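Colleague: The primary structure of each chain is shown beneath.
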Amino acid sequence: MPTYLYCIIPAGHEAPAASRRGVDGAPVRELCASGLAAWVSDVPDTTMSPSVSRARAHDDVVRDAMARATPVPARFGQVLAGDTPVAALLDERRESLLESLERVYGCVEMTVRVLLAGQGAASGPAPRESGSAYLRWVRERQQVRQAVSDQAEFLRRGVARAVEEAGVVREIVWATVAPGARSLEAAHLVPRALIARHREVVRAAVERDYRMKVMLSGPWAPYTFCSAGHE
Amino acid sequence: MAALSLRARRRVTDDELELTGDDRLVLGDLLNHVLDKGIVISGDVTIAVADIDLIRVGLGIYITAIQSELDHAAARERDKPDADVPVLHHPRGA
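Chains as they are written, first to last, in the working numbering: chain A, 1 to 231; chain B, 1001 to 1094.
Hints in this document: simulated from the structure, not taken from any laboratory. Since the structure is predicted, the reported quantities are computational estimates derived from the model, not experimental observations. Built from N, CA and C at the ideal position, the CB exists for glycine as well. A few of these clues could be false.
Incomplete in silico selection of chain A near chain B, CB under 10 Å [to be verified]: (1) Met1; (2) Ile8; (3) Ala38; (4) Arg54; (5) Ala55; (6) Arg75; (7) Thr111; (8) Pro125; (9) Ala126; (10) Trp137; (11) Leu189; (12) Arg197; (13) Arg199; (14) Arg203.
What follows is a set of in silico ranges between Cβ atoms, one per label pair, in the way DEER data are often shown [unchecked claim]: (15) A:Ser132 with B:Thr1020: 50 to 56 Å; (16) B:Val1026 with A:Ser149: 26 to 32 Å; (17) B:Thr1020 with A:Glu102: 34 to 40 Å; (18) A:Gly131 with B:Val1026: 46 to 52 Å.
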């Protein structure tokens, strides 16, 4: 029977409770190999279509594992032919999985999103009454975009400085700010003991010092910090 | 080596890991995390890319709505015709 993968933790931790259910209500179990424990469940088919309830179920299982250890979360939809291929992959990828576990050990991921000001002036349609009006509109749009880009860079440096000085992050991954983007997004890898302090520092840096709006969500399993280097 | 050092037995409290944030934002972030991030060990991820794009679009609309309201509020407060021009506030004491 195909095996669905949720996450990987070091072997030796408490196994999932017998009552723990995963995607489509399937019982979740632990599969140990090469010093690693994969949290898995049986699924009837090798394909898995995404839905909100399945995504929630996947994350719920990963969050349950977070209560025992810091997991390397798997991306949704990884179904292998059975337990044997999962064990083989744990063995084959052991070193890189251990590196990932070490990278995120003791940490959670916090999503930080700062709303950027000033896109409104550039979002209207181009004027058609005259060539000079159009050129003025183009120039203004370029100025606004440049100002927003400068703003994003200024904020990026300010937030990074604040959280690093306060010692509340281990690592930051910034999302690319595309032209016309409405927000500056980052994933912060935060030690569990510092979650509340991290929120305070980020809010103070953005809302008090820069007087801009920040939205935080989390704690998440360190999905973003386990994305790089996948095959 | 690393396997031994990672075997912390401490079990964290539920409070510590309680998920917080605006409900709509949390759902959008949950979907972005679960569907678009995390380790891939098998190379056989079978989800449709279009669905991820739709989620991103949905999250973008939500952020845009909040941003528009903030822009309008700031414009009303300042009551100036150039209210949409970005203003970057320098940090206090900088």
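Colleague: Can you name, in rising order, the numbers of the hints this structure does not satisfy?
Modeller: 1, 8, 9, 10, 11, 12, 14, 17
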